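So the chains spell out like this:
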Amino acid sequence: MIRDLAVGQYFPANSVLHRTDARVKILNLLITIIFIFYTMNYFSLFIALIYVFLMMYLSNIPMKLYMKNFKIILFFTIFTGLLNLFDDRGKVIFEFGFLKITDAGINNSIFVCSRVTSLVILASIFTFTTLPTDLTDAVEKLLKPFAFININISEIAMMMTIAIRFIPTLIEEVEKIINAQKSRGADFENKNLFVKIRALMSIVVPLLESSFKRAYDLATAMESRCYRGAENRTRMRILKFKMIDLFSIFLTLIFIFGVVYCNMKFPATVK
Amino acid sequence: MSLIEIRNLSYIYSKDTNCPKTALSNINIDIYDNEIIGIIGHTGSGKSTLVQHFNGLLKPTSGGIYINGLDIWKNPKKIRDIRFKVGLVFQYPEYQIFEDTVYKDIAFGPCNMNLGPNEIQNRVIESIRMVGLPFSILDKSPFELSGGEKRKVAIAGVMAMKPNVIVLDEPTAGLDPLSRKNFIENLKTYHSREKNTIVIVSHNMEDIVEISDRVLVMNNGRVEMFDRTKDIFSNGDVLMRIGLDVPKITKIMFKLSNEGYRVKRDVFSVKDGAEEILNLFRCDGGLND
Ligand SMILES: Nc1ncnc2c1ncn2[C@@H]1O[C@H](COP(=O)(O)OP(=O)(O)O)[C@@H](O)[C@H]1O
Ligand SMILES: [Mg+2]
Chain D
0 MIRDLAVGQY
10 FPANSVLHRT
20 DARVKILNLL
30 ITIIFIFYTM
40 NYFSLFIALI
50 YVFLMMYLSN
60 IPMKLYMKNF
70 KIILFFTIFT
80 GLLNLFDDRG
90 KVIFEFGFLK
100 ITDAGINNSI
110 FVCSRVTSLV
120 ILASIFTFTT
130 LPTDLTDAVE
140 KLLKPFAFIN
150 INISEIAMMM
160 TIAIRFIPTL
170 IEEVEKIINA
180 QKSRGADFEN
190 KNLFVKIRAL
200 MSIVVPLLES
210 SFKRAYDLAT
220 AMESRCYRGA
230 ENRTRMRILK
240 FKMIDLFSIF
250 LTLIFIFGVV
260 YCNMKFPATV
270 K
Chain W
0 MSLIEIRNLS
10 YIYSKDTNCP
20 KTALSNINID
30 IYDNEIIGII
40 GHTGSGKSTL
50 VQHFNGLLKP
60 TSGGIYINGL
70 DIWKNPKKIR
80 DIRFKVGLVF
90 QYPEYQIFED
100 TVYKDIAFGP
110 CNMNLGPNEI
120 QNRVIESIRM
130 VGLPFSILDK
140 SPFELSGGEK
150 RKVAIAGVMA
160 MKPNVIVLDE
170 PTAGLDPLSR
180 KNFIENLKTY
190 HSREKNTIVI
200 VSHNMEDIVE
210 ISDRVLVMNN
220 GRVEMFDRTK
230 DIFSNGDVLM
240 RIGLDVPKIT
250 KIMFKLSNEG
260 YRVKRDVFSV
270 KDGAEEILNL
280 FRCDGGLND
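Line order of the protein sequences matches chains D and W. Under numbering that gives the first Met the number 0, the first sequence has 122 at position 123, and the numbering climbs by one with no breaks. Under numbering that gives the first Met the number 0, the second sequence has 273 at position 274, and the numbering climbs by one with no breaks.
This is chain W alone, in the form it adopts within the complex (with noise of 0.2 Å):
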C-alpha cells in the first residue's frame, strides 16, 4: 500500500474572488514508505503548492489526499496530527525561528508533540548533529548566526519531530556548493538511519539524482513525468523543453554522444562519465567509423 497517494488533486488560490489562479490541476502520485523523492519543476510549477498539501496546511479545492489509506481531511480537528506525521520545511526556513536559544528553537516542535524533557533533549542532540552543526551553537541566540546556519538549524527543528514523512522545499537554494554537498550527505545518512520517507523539491539537478529514488517532474501545475531517476534524465529533451536541466555531466554526455562518440547517454554521476571518457580513449578513438 502507498504511504501517500493524491488523487485528481487540484488546487486554485484566491477562488471566491475575481482573480482566482488554478495553481495545480488533476495531480494523482503515489509515493511509497522509505522512499526519497525529488521533485523538480519550473518556478511557480506548483511545487510548493503540492508540498504544502501534504501535511494539510491547503486544502485541496477538489480530490484528496490519503496518508496510510486514511484521508486526512475526514476529520479536519485532527489536522494537526498529520502535522506530526508528515514534517515539512518550507522554503527558507531560516525567517522562522523565534526563540531566544537554539535550543529552544529546535525543541519547539518536540514540545508541541508533549514529549518528556529527556527525549526532547535527545531529539533536539541528534537533529543538530545531523544537519553537521556543532553543540556549541546550542546556547547561542538564533540571531546570531548566519543564513546558512540559521537554514540548518531550522531544518533541524523538523527533524528533531521524527516525522514518518520529511518534505523538504528547496532546501539547498542559496547555499555555497560544499555545504550542499554536505548536506545532501547528511540527508543520506538521516534517512538511513531513520528508515523514513523523504520528498525533496530542488532546483539542482545534481543533488536530485544524488539522492532521490524517483523524481517527479511538474510544469504548469500538471504532472509531466513521474518515474525513476535514470528514466527521468534520459529523457533530456522533454526536460529541457519544460525549461528544465539534466546534470552537466549527462549533457556532457549526450553531446559526446550527438557528436558520433560511443558513450553511454544515461550517465549521471562525474565519476560515471570520466570512466566513459577513459573507455574512449581505450578503445582507439571510439569514433562510429
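In isolation and in its complexed conformation, chain D is listed as follows (with noise of 0.2 Å):
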C-alpha cells in the first residue's frame, strides 16, 4: 500500500543524530550534499561513502528502512548510470555495434551512481531522525536573518507544518478514494488512454475537492481559535546548542576537509 512508503516519515529512536539539533542537521546536509556533488577521484569518493555508512551507523535505523527508499530510487539510479556509460572520450573497453564504453564512461557512471544514492541516504537520515516540528522551528530560525527582504517567516513556517501534517492524510485519502473507485469497476490497469485518463480523473477530482474542503475547515478552525499569524509564540521544545551538536559539525568538518584534500592531492577521474 501507499501509506506503507518509508519516504518523509520520522523514525522515533535514540541516537545521536536524534538528538543533534535540527538546524544543525539542515546545514550538515546541505553541505555535505555539495561536497558529495565536488568528488572528483575515488579517494574522495571513498571518504564520502564513509561519511555516509557512519551516518546510518550513528542513526540507529534498521537497514530495512534504508533498503526500501533505496528501491524506490532504484529505478532512477540506474537509468542514470547507463546515460552516464555512453561517453566519447577515454579508452574503448567494450565495443557493441555503434555503441561504445569507455573507461570515461564507467567512472562517470560508479560516481553518479554513487552520489545519487548517497544523497538519498542522507536525506532519509535526517528525515527518519527529525521531528516534522522540529524541520519547521529550525528553518524558521535559519530564516530568520532573511526577514528584511519582506517575507513573514513565521507564516512561511507555519505553511511547511501545515503541509507536513497533512500529506499522511491525504495518501490515505487517496487510499480510500482509489477504493472507491475501484468498487465501482474502474481500471487502473488499462493501457487504453482515454481509459486511463478517467480513472485518474475519478481520482483528482475528488482528492480536490476534500483538500479544499479541508483547508476551509482548517482555516476557520484557526480562526475560531484566534489564530493571528505566528509572530512571537513562544515553543514547547526549545532548540538549544548542545555538545552533540558540535560533535556533529566536527564530523561534517572532517569529511569536508577530507574531500577536499583528497581532491586536490590526487588526479582528478571524473571531470
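No lab work stands behind these hints, which were simulated from the structure alone. Bear in mind the structure is a predicted one, so any value in this text is a computation, not a measurement. Built from N, CA and C at the ideal position, the CB exists for glycine as well. Hints may be right or wrong, so weigh each one.
Stated by the list, open to error - Covered stretches of chain W (chain D as the covering partner; in silico rule of three or more C-beta atoms under 8 Å from a C-beta of chain D):
(1) 51 to 57
(2) 88 to 96
(3) 104 to 116
(4) 156 to 162
(5) 251 to 257
Two chains, two separate frames, one set of hints: put the complex together.
This is how it looks when you write it as C-alpha cells:
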C-alpha cells in the first residue's frame, strides 16, 4: 500500500542524530550534499561513502527502512548510471555496434550512482531522525536573517507545518478514493489512454474537492481559536545548542577536509 | 451451497513495517443467497476491513474467501470481475463523486461494465428511483447537492451495477431519522425486487433489527456472534458487555421484565412493545404476585 512507503517519515529512536539540533542537521545536510557532488576521484568518493555509512550507523535506524527508500530510486539510479556509461572520451573497453563503452564512461557511471545514492540516504537519515515540528522550527530560525526582505517567516513555517501534517492524511484519502472507484469497476491497469485519463480523473477530482474542504475547515478552526499569525509565539520544545551538535559539526568538517584534500592531492578521474 | 464463504481469514495492516496491526483474526463465516446480513461492532472492531475483503479490495494475510465456491484470489488478474458481482458502498461515499453531472456519475459503474447505452440509461433511472431522489436531479452537478443527496447518488452508483451482493458500510451514518427510515424501506423494496444479497454495516440497532435476517457481531477483529437477529438481540448482556446496544424498545422490555412485570424479552419493534405493555393492563397489572 502507498502508506507503507517510508519516504519522509520520522522514525522514533534514541540516537546521536536524533538528539542533534535540527538546524545543525539541515546545514550539515546541505553542505555534505554539495561536497559529495564535488568528489573528483576515488579517494574522495571513498571518504564520502565512509561518511554516509558512519551516519547510517549513528542513526540507529534499521537497515530495512533504508533499503525501502533505496528501492524506490533504484530505477532512477540505474537509468542515470546507464546514460552516463556512454562517453566519447577515454579508452574503449567494450563495443557493441555503434555503442562504445569507455573507461571514462564507467567512471562517470560509478560516480553518478554513488552520489545519487548517498544523497538519497543522507536525506532519508535527515527525515528519519528529525521531527517535522523541529524541522519547521529550524527552518524558521535559519531564515530569520532574511526577514528584512519582507517575507513573513513565521507564516512560511506555519505553511510548512501544515503541509507536512497533511501528507499522511492525503495519502490516506487517495487510498480511500482509489478503493471506492475500484469498487465501481474503475480500471487502473488498462493501457488505453482514454480509460487511463478517466480513471485518473476519478481520483483527482474528489481529492481536490476534499482538500479544498479541508483547507476551509482548517482555516475556520484556526480562526475560531484566534490564530493571528505565528509571530512571537513561544515553543514547547526549545532548540538548544549542545555538545552533540559540536560533535556533529566536527564530523562534517573532517569530511569536508578529507574530500578537499583528496581532490587536491590525487588526479581527478571525472570531470 | 453458500454464496460467500470465508475461511480462517486474518488480516494485518502494514505487515512489513515496524508497527503491524492485526485487524481481523481467524474469521469463519458463510453468507447464503438472498439473505440480508447486518454487521455490528464497536468502532475499530474490523467491520470495514472485513467488508473490503468481500470484493477483493484487500487480500487476506492468511485464509481465503470463496464466492460461489470459487477462490476469488485464485487468479488475481480477474479480481475486477469480482467487483461487478459484489458491489461495495464505502463509509461516507459522498466524497467519491467526480463527474460533472449526477447522471454521468451514476453511469460510471455500468460504463465500466461495457453495457450498451440503453441499458445504462435504464439502470441509472431505476437506481435513482430506488434511492428516492427526483429525476430532475440527474442533470445537476453533484457539487450542488446536499450531503445526504450526494450519499444517495453514490449509493445509486453502486446499485446501478446490479451486483449479486451489495455491501453497504454505514450507509445511514449522519442521516436524519426520516431519511434513514426511508432508506431502510427502499433497501427492503430493492432487495425483494432484485432477489439479491445485502450486507449492511450499521451502528443503529433499530435499522439492523428492521432489515436483517442474521446479524454478525464483531469484537476486536473476531466474530463474537453470528446468528438470527432475534437470537442475537436476546443476548442483550453480551452486546452491552462489548460496548453495543439493543434497540430502545428492547431495553425498555428488559427493564420491565427485570422489575418483575410479565413481558416478553425478545421484543424488537415499537408496535410489538406497545402490544406487550397494553397486555399488562388488560390482565390486572401483570405483576408477579
Ligand atoms: N489503513 C489502515 N492502516 C492501519 N490500520 C488500520 C487501517 N485501517 C484500519 N486500521 C485499524 O484496523 C482496525 C479495524 O478498523 P476498521 O475495519 O476500520 O474498523 P470499523 O470499521 O469496525 O470501525 C482498527 O483498529 C484500525 O485502527
Ligand atoms: Mg468502519
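Quick rundown of the hints versus the structure:
Using a Cβ-Cβ cut-off of 8 Å, 3 residues of the region 51 to 57 of chain W lie near chain D, which meets the minimum of three, so the contact claim holds. Closer than 8 Å: that is the beta-carbon criterion, and the region 88 to 96 of chain W has 6 residues meeting it against chain D, so the requirement of 3 holds. With a threshold of 8 Å between beta carbons, the proposed coverage of the region 104 to 116 of chain W by chain D holds, since 4 of its residues qualify and at least three are required. Restraint check on the region 156 to 162 of chain W versus chain D: 3 residues with Cβ-Cβ distances below 8 Å, three needed, restraint holds.
Look at the region 251 to 257 of chain W against chain D: 0 of its residues bring a Cβ nearer than 8 Å to a Cβ of that chain, fewer than three, so the hint is violated.
Hint 5 alone, counting from the list given before, is not met by this structure.
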